[in-house]
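Participant: Protein chains in written order, with my numbering: chain G, 1 to 216; chain C, 1 to 99; chain S, 1 to 667.
Hints listed in this document are in silico derivations from the structure and should not be mistaken for laboratory results.
For each residue, glycine too, the CB sits at the ideal point set by N, CA and C.
Mixed in with the good hints there might be a few duds.
Unchecked claim - Pairwise CB distance ranges, derived in the manner of DEER restraints:
| id | chain 1 | residue 1 | chain 2 | residue 2 | range |
| --- | --- | --- | --- | --- | --- |
| 1 | G | Glu121 | S | Ala639 | 40 to 50 Å |
| 2 | S | Ala639 | G | Ser151 | 33 to 43 Å |
| 3 | S | Gly619 | G | Gly90 | 37 to 47 Å |
| 4 | G | Leu153 | S | Ser633 | 35 to 45 Å |
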Amino acid sequence: MTEVLFFIAAIGAIVGAVGVVALQNPFYSVLALVFHLLSLAALFLLLQAQFVAAAQVVVYAGAVMVLYVFVVAYVGAAESTHFKAPIGGGQRAFAVGFALALFVELVIAVLGSGLSAISTEGPDVRFGFGSPEQIGQALLTRFLVAFEVASYLLLIAAVGAVVLARRRGGIHEEETRVSAMSFLRPPGVGTMAEGVEGRTGTPEHRELGPPAERVP
Amino acid sequence: MTLDWFLVVSALVFCIGAGGVLTRRNPLVVLLCLELMLNAANIALIAFARMWGNVDGQIFAIIVMVVAACEVCIGLGLVVAIYRRRLPIDVDELRELQG
Amino acid sequence: METTAWLILLFPLLGSIVLGLGFRIWPARVVGAVGTLAIAAAFVAALLTTFSLQDRGEEQRQVVFSAWDYLVTVGIDAKLSILVDPLSMFMALTVTGVSTLIHLYSVAYLSGDRGYARFFAYLNFFVFSMLLLVLAANFLLLIVGWAFVGAASYMLISFWYRRTTATAAGIKAFVINVLGDVGLVLGTFFIFKHSGSVDFLTTFARAPDVFPKGQADLTAGCLLLLVGAFAKSAQVPLHTWLPDAMEGPTPVSALIHAATMVTAGVYLIARMHPLFERAPAAADVGAIVGCATLLIAGTIGLVVTDLKRVIAYSTMSQIGYMIMGVSAGAYVAGLFHLMTHAFFKALLFMAAGSVISAMGGEQDLNKMGGFRKAMPFTFACFVIGGLALSGIPPFSGFFSKDEILLVMGEQGGWKWALYISGYIGAFLTAIYTWRMIFRAFFGEPVEQARELEHGHLYHAPEPFNPANGEIEDTDVGFPGPEHHIAETALSMKAAMGLLAVLAVVGGIVLVPKTTTWLDTFLEPSFAGSSVVAKPDDSLLVLGLLLGTALGLLGVFVAYTIWVRRPGTSARWVERFSGLHRLFVHKWYFDELIDILVVRPAAWFGRWGQQTFERVFVNGTLIGGTTGIVRAGSAAVRAAQSGFLRGYAALLLFGVVAVGLYFLIQSA
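Here chain G stands alone, though its shape is the one from the complex (with noise of 0.2 Å):
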């Protein structure tokens, strides 16, 4: 019965994973990671972590997909293809060709791997196991730290995709420049920038225009 629903998760899993890949459409390929993700969950379920397996589904197939979905709709969900990649066909194949080579490292590790409990089902164990009593004594007493920390790598995040995506009404390109000279010397009193360009002097003296050039 496992290896059933094993074998249906885990098609599920690489199917969803290619079809993100694959899919021209970037809105299919958000659904698709969302197949994806529901398949990871119930692989989670058959590896005892139902606490992680709901929490998959919640927040990551839930909000962070949701989140994803909104941003594709604002932006757009053509992929340009009007105008050729700087590097084409060949990147492709290179890619292909590694991401099949690390594949191949992988399972090659895997099958070989001297980690003779790989081989088992895993020990048995005690009906709690990853059930959410567990997962939340060993977040707030062994890794204490590491939660509050990922808490406030939240709030930076959260802030961080405020400040990123705030409307700053009507910026044009050159006001966006800030320069630091512009807090330290007001114009006109001579850089030498100025002086090369011919902008030094009040503006009453600017009608001479920028230095003559050198008499031969």
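With the hints as your guide, set chains C and S onto chain G.
Facilitator: Using the frame of chain G, we list chains C and S on its own:
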């Protein structure tokens, strides 16, 4: 179901994600493939937690999920900011950090 | 005596520093006073030193004072030391005495010039350098003084630095002087190689032991010293800078290019007489070059039209006499002529400055005439100087010039040719001197002279460069707007008057058969000389008579050509046009040096820049290095493509490689 199957699935998903990161041009899809790789790591962690018989691996996986969420947050914020500036949404075009 | 000896050097140096630092602070009167008093104080110190020197016994009249050690170790003994002996005191007295009078003259001559303080600072620095040169007790300080004098000459020739002719002349003088410096230094090396000491007295004491007569190194060293002497004293072929040096203000010409700097070569040979006596080949070369110079310069002086350049060529000619004299062993005679020449040449230059001022800056003889009534005092000074220069008794020049030629005759042999040339030169001297005087002061008064007779000094409508007629202004770097003549400026009159008196009575220190003051004074310096004097009374009388006759004949010839029969010179120019052209082009020395030295140097510079510099240094060395660096950094930069997928690929490749490594390692 022996644990090495789970590890193989994890490796496969990871490599599919890696290939996708290298191949796709839309930054949103690149981020999605990055999620794939993180999830593959999660599978491996849970599998090893099951092997050891304690929940440390699962805690690790939860924290990985937290990190993935934060990273998605920031990444999408960047994409939104880029879109607002009317720059092309294409990782091949966004290459000013060069030279 | 030690204090006063050092004070001789210290006063001009302090004067120069004080005036140089405060060139914008002191008012003009203070500057003139400080400058002149500094040199006057040095003169007083020289006098006091001489008196205390004479108090000593005859054997102890060569004293060395050391301030500190420069480089005293095995094999070398260079100290900051001065040598007080009759020769150096003689030179110091002449230099400071004439310099004081010239400073006095410049107080009025240059007033109104924007660079007044700079002028006095430079002039004081020059006097300091010249005193350092004559007081030096070792080769090191001599070379230092030599170089400083060259530098001061450059600074003063190009004093009016916005005039291109002046700066070109300054560069020419400096380059030729540097050539002389090289000769001097190399000569020192040759001598030091054997004597092992840079100190004069030590070298001279060791000379009989280390230098057999006519040794190759000694001859080479003395010849190189002669190169230095010729460059500094403007002898053929290194003489081309002296006429051009007339671009400097007239006091500069008077001081440097008549009385002091150009006599440094004479001093050098006199000081090195023990070495020259042991290298007769070098001494003969010196005598021959001196003789050649006096003839060549004399012929050129007959045709030049610039007033100051006539006097410059006469200087060259007279220095030729001095060099000829000291090379042949007539030390006292040569130095005597140095002193009298300083007097009357400085007087002539000062008077020339007065005439040029009256002409409003114009220096061309062709445009002058009839100043006799308008400028009587200047005329009198010119006449006195001219008589002294022509060697008419009882003026000072007569005794000194004949003394030199007498020694030539006494030595006999091939020196008879020098003797005869010397008298021909005396004849030419008289002619060109009086040509100058007759043309400037006799004849129809020109418009400037007529204005001056009515008491009004002529001013040109626009200030101009007399050499090429370029229009200038009177701001700093050009001459000032005022012109001063001797008749109206008291300090000029005083200086010229004093020099005129000295030119008249200066010969008294060594009248043959009557007074021997100079001889006895300079005796201790030349005590070890191996030149034996063979006094010959008949030759003496012959020489005196011949000198007088030739001088008077020259005056008469000049009078005939330029006053009594005005068209004569034009007819002679037509008849001897080839010779005239040779003289006018200064015997083509400038052209020769241009072809032999300047053009090859310019070609080499151009080749160096275009081929070597451009292709090899810029192209290969620098271009190659930068090219390699650029290529390397370009190669590295290619990795920074900004291309996200490229970076990710690289990352993945790294992971694959690391995994492979671990797999292989564990297998």
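Participant: Indicate, hint by hint, whether the structure satisfies it.
Facilitator: We went through each hint and held it up to the structure:
1. Under the hint 40 to 50 Å, the C-beta atoms of glutamate 121(G) and alanine 639(S), about 47 Å apart, fit the expected range.
2. Taken as a hint, the range 33 to 43 Å holds for the pair alanine 639(S) and serine 151(G), whose Cβ atoms sit roughly 38 Å apart.
3. In this structure the supplied range 37 to 47 Å holds for glycine 619(S) paired with glycine 90(G), their Cβ-Cβ distance being about 39 Å.
4. In this structure the supplied range 35 to 45 Å holds for leucine 153(G) paired with serine 633(S), their Cβ-Cβ distance being about 38 Å.
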